[in-house]
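Number of protein chains: 2
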Amino acid sequence: MKRVLISDPTLRDGSHAIQHQLNTQQLTLYAELAEEAGIPIIEVGHGNGLGASSLQLGESSLSDTQMLETCRNILNKTRLGIHVIPGFATINKDLKNALDIGVDVIRVASHCTEADITKRHIEYCRNREREVHGVLMMSHMAPPSELAAEACKMQGYGAQGIIIMDSAGAYLPDTVKSRISVLVAALDIPVGFHAHNNLGMAIANSMTALEAGATILDGTMRGFGAGAGNAQLEILIAVMEKMGYETGIDLFKLLDAADTAEDSFLKVPYVNSTSIVSGLTGVFSGFAKPVDRIAKKYNVDPKDIFYELGKRKVVAGQEDIILEVAVSLSQSRQPMI
Amino acid sequence: MKRVLISDPTLRDGSHAIQHQLNTQQLTLYAELAEEAGIPIIEVGHGNGLGASSLQLGESSLSDTQMLETCRNILNKTRLGIHVIPGFATINKDLKNALDIGVDVIRVASHCTEADITKRHIEYCRNREREVHGVLMMSHMAPPSELAAEACKMQGYGAQGIIIMDSAGAYLPDTVKSRISVLVAALDIPVGFHAHNNLGMAIANSMTALEAGATILDGTMRGFGAGAGNAQLEILIAVMEKMGYETGIDLFKLLDAADTAEDSFLKVPYVNSTSIVSGLTGVFSGFAKPVDRIAKKYNVDPKDIFYELGKRKVVAGQEDIILEVAVSLSQSRQPMI
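First to last, the sequence lines map onto chains A and B.
Using the working numbering, read the first sequence as starting at 168 and increasing by one per residue.
Using the working numbering, read the second sequence as starting at 168 and increasing by one per residue.
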């Protein structure tokens, strides 16, 4: 029986799906359900992580402190996790506060080619004796060898695991396999995969990651997450059971939990046409909501915006470019005088 | 460039998702969209195919004649297809009528171990010079060698292609690969795959089928179909383009068509907990609606019904067993006196 660590960012990546408007009742319910089903880690917070609530990225209805304390009060066996992007989250204010509240697992994340910015945050968490994983986002944008070099940096800073994210849902099984294999060979610490479903491959890519040696997987209930959503946790666990992997999660309780959570707040994501183009062009799934909003305002096709964003290779934090692209698409359609 | 024939049963398998209540406006719109996007074949009718409208399986709001004539009047390049299960569809009445209306492609289907019942229907269609494919449903229930033997029978009757259906959404890529490879080796005619998404594998399984030598794939817009739905056609085409397969479908027009059809009538299927259990236990996805209805009536968990149906290895046409199982589950919970 191969053991796999499951981390569930329903209350973090899912925030993207409802513009970061999770409330206390929803957090409480979900934390109770996760504890009951035996989910090892739940990640909580703004879609872009700790300290990311802002005009540019969208404002959370609750502060980081409110969200983390709500879940901390309930969780016992299930560990409390956060997603931390240096630049959004400062060490002295945001990270110190989160660790004081009692966060168990910290994921320090950067764009796939910028691991350098994670050094001080990783070291800070290790010094305070917490479990720290390094995360490389938009990992399809770097070739396997470069990804391995960046991951090795994070390992050097003290990361105890490396997760690569398919932030645009752009991977197919072959590209997952090549990247995970290279990372597993290059690192001495566990390797993980975080899928998105834009090309309908979230479950297949996750299983491929396991076959290639990954031992950490992310999944969210009903796939609740940015864009087309993540790997749907209940399916992931069902398929893993069928394939002989052990996670400690009770599948039946998980299925019941998903039904309850869906009734309460999970907006089920599905793969709409814009999400498909987002996956095809390799643009961050979290752009889906602002792109839809701005497309409507400027009366342009959101798919055309995603195509242009793909050409420009934009990444999270460059949301202002959406507006620029929409304006330019809208003007290019004006009749000549 | 490898050429793949796409057949789209949105207006047939999708009928399961809305209890066979498609109306003339929806059929008309969809046929126009399919024609515009260049979809090679659309399959039209009751969820269980020609002549299947009944109390037991659910009654269509339109007759087979009305549905087929509506689409026939619009289609030009796109060919008109039907799904035919001998036993539901008679030759002299149903099949003769459909061919008189001008159906182009006939799929004659049986349970995976009962190809014998397709002989006369296949021969009738060949005699009238139409394209005929043989379909083996619930194909996960037979091992590869038996499936190949049944497929060879259909080839012997005159079938010009063989499609295996994952009617329960129970396959994983490995099981698709082994079955398709054996079929491709055993047959002289094209082999196809029809996926369902209960275990999140519809797209991955379809791509695996192509790698193993299949040259016919089924997909429906937004995945509209029985249970957790089919392979989502827009994703399938996007991924196939990325992998270098040729289908003749215009991806952009298809994405627009899916948006339009969704606005008009496509109820987007998602993978709910019952669908996952249906895939795990290998029970026909088309049971989802009646199971939900009967579970509610007898106040039992639909997931428990699916587990019991899986143990009994039921197949389509045995819908009466749902009721029996629900009654027995409901009674087993009565307190002893």
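In case anyone wonders, no lab produced these hints; they're calculated from the structure.
It is possible that some hints are incorrect.
Which copy is meant is left open, because identical chains are indistinguishable; a pair holds if it fits in one copy or across any two.
[To be verified] No farther apart than 35 Å at their CA atoms in a straight line, the calculated lysine-lysine pairs in the DSBU-like style are these:
no. : residue 1 : residue 2
1   : Lys434    : Lys420
2   : Lys169    : Lys480
3   : Lys463    : Lys434
4   : Lys409    : Lys463
Hints, verified against the model:
| no. | hint | result |
| --- | --- | --- |
| 1 | Lys434 with Lys420 | both (20 Å within a copy, 28 Å between copies) |
| 2 | Lys169 with Lys480 | between (37 Å within a copy, 30 Å between copies) |
| 3 | Lys463 with Lys434 | both (21 Å within a copy, 23 Å between copies) |
| 4 | Lys409 with Lys463 | between (44 Å within a copy, 29 Å between copies) |
When the structure is compared with the earlier hints, no violation turns up for any of them.
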